[in-house]
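Q: Spelled out from the first residue to the last, the chains are:
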Amino acid sequence: MNDPRQNRDLRELFQGLRAEDRERAPDFVRLMGRLRQDASTLDEEGSTQIPAPAIRGRRRWSTGRRGVAGHWVRSHQRWTWAGSLLAAAAVAGLLLLGPGRSADTRFEHAVRSFVVDPAAGSWRSPTDRLLQVPGQELLTTIPTIGRPSWPGRAGVVPPRNQL
Amino acid sequence: MGRHELRKVPGEMNPTELEAQLERLHGESFGWALTCCGWNESEAEDVLQTAYLKVLSGRARFGGRSMFRTWLFGVIRRTAQEFQRRARSDRRRAIRLVRDEPQAISSDDPERRLVRAEASRRLVEALDRLSDRQREVLHLVFYQDLSIAEAAEVMEISLGSARTHYERGKARLRALIEEGSFRERPAAES
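Residue numbers (the numbering used here), protein chains in the order written: chain R, 1 to 163; chain V, 164 to 353.
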């Protein structure tokens, strides 16, 4: 796919460009000097050390001293704050919603209640018996006209030989 | 250098070593920063400085999972994207035509330098008409001599995607360069 023989023309063009860019590249020492200067302006102690736990911890800087390093640190701090706020909001949201609000948990609850339901049908209150009074069947059956004295259950026709 | 690059775990890299690595790759890093910044030289320099600051301050940490160079290029690319996001409102990608000034280029014979400068100018113009992804993958492969897999790593895309951008970019770049040379020939003759 990247056969050098096939792409010799492009490779030569790019290498020409590379040679030119190298000649135009800023001097590394000068660049590092500028970087150190920018970094040290952020450090009240005037340290020229780049390793920047010193920079990382800074929350104050001179507004008059602008540079790439300063700009980057300031924007980075803004993002750190924004990130902290977002994280706090996310934690609060999770706490408010609670652990049982997920779709999976709701599904588990539904299944569990479905399993429990058949048992609920056979359950009776301990005081249910108090509602059963003598002659209660009279309230739940239709009386038969003209058959008042038969001692059997109301509404049931007695055998023919007992009439 | 190339394939035998530093692969140290982060704890072993002290600032002096990091700085030495940055210096060693400085020329290539500047070329990559230029590409990421649409050949805006001053922006490329600022991007490079910010990327170096990230590296040296420990904001960007080399995890040792890749070559130092591909990791550094990733940092530069992300830094350039941050710059571009910030300046999106007034950003205008323009080709720096400093390449039209061959007297600024030193070393070998003037005629050869003129030819090279002209070829580079045409290449930059053609590259500027490619998509970002195509331009990046071609730069990483042809300019930085990375493999397509390494380019994919720098660009944070899949290998398949990088291959597609590479093939399409290559074909389009060739067409644009040819088109440019045909277009310019009559003007040069007149």
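Calculated from the structure, these hints are not laboratory results.
Incorrect hints may appear among the rest.
Stretch by stretch, here's where chain R covers chain V in the computed footprint (C-beta under 8 Å, at least three residues) [unchecked claim]:
| id | segment |
| --- | --- |
| 1 | 177-189 |
| 2 | 200-214 |
| 3 | 227-241 |
| 4 | 320-326 |
| 5 | 329-340 |
Chain V residues, not near chain R, derived (Cβ > 10 Å throughout) [what the hints assert, rightly or not]:
| id | residue |
| --- | --- |
| 6 | Gln244 |
| 7 | Pro273 |
| 8 | Arg296 |
No experiment lies behind these values; they were computed from the predicted model shown.
Think of the CB as a built atom: it goes at the ideal place given N, C-alpha and C, for glycine as much as any other residue.
Q: For arginine 296 of chain V, which was marked as not at the interface, is the minimum beta-carbon distance to chain R over 10 Å?
A: Arginine 296 of chain V is indeed farther than 10 Å from all Cβ atoms of chain R, at 16 Å.
Q: Checking a non-interface call: every C-beta of chain R should be farther than 10 Å from the C-beta of glutamine 244 of chain V. Is that right?
A: holds (13 Å)
Q: Taking a Cβ-Cβ distance under 8 Å as contact, does the segment 227-241 of chain V have three or more residues in contact with chain R?
A: violated (count 0)
Q: Per the coverage rule (Cβ-Cβ under 8 Å, at least three residues), is the segment 200-214 of chain V covered by chain R?
A: Holds, because 6 residues of the segment 200-214 of chain V bring their Cβ atoms closer than 8 Å to Cβ atoms of chain R.
Q: May I ask you to check that proline 273 of chain V keeps its beta-carbon over 10 Å from the closest beta-carbon of chain R?
A: Check passes; 14 Å lies beyond 10 Å.
Q: When I compare C-beta atoms, does the segment 177-189 of chain V have three or more residues closer than 8 Å to chain R?
A: holds (count 5)
Q: Within the segment 320-326 of chain V, is the number of residues with a Cβ closer than 8 Å to a Cβ of chain R three or more?
A: violated (count 1)
Q: Check whether three or more residues of the segment 329-340 of chain V sit with their beta carbon closer than 8 Å to a beta carbon of chain R.
A: Three-residue rule met by the segment 329-340 of chain V, so holds; n is 6.
Of the numbered hints given earlier, the model fails hints 3 and 4; all others are met.
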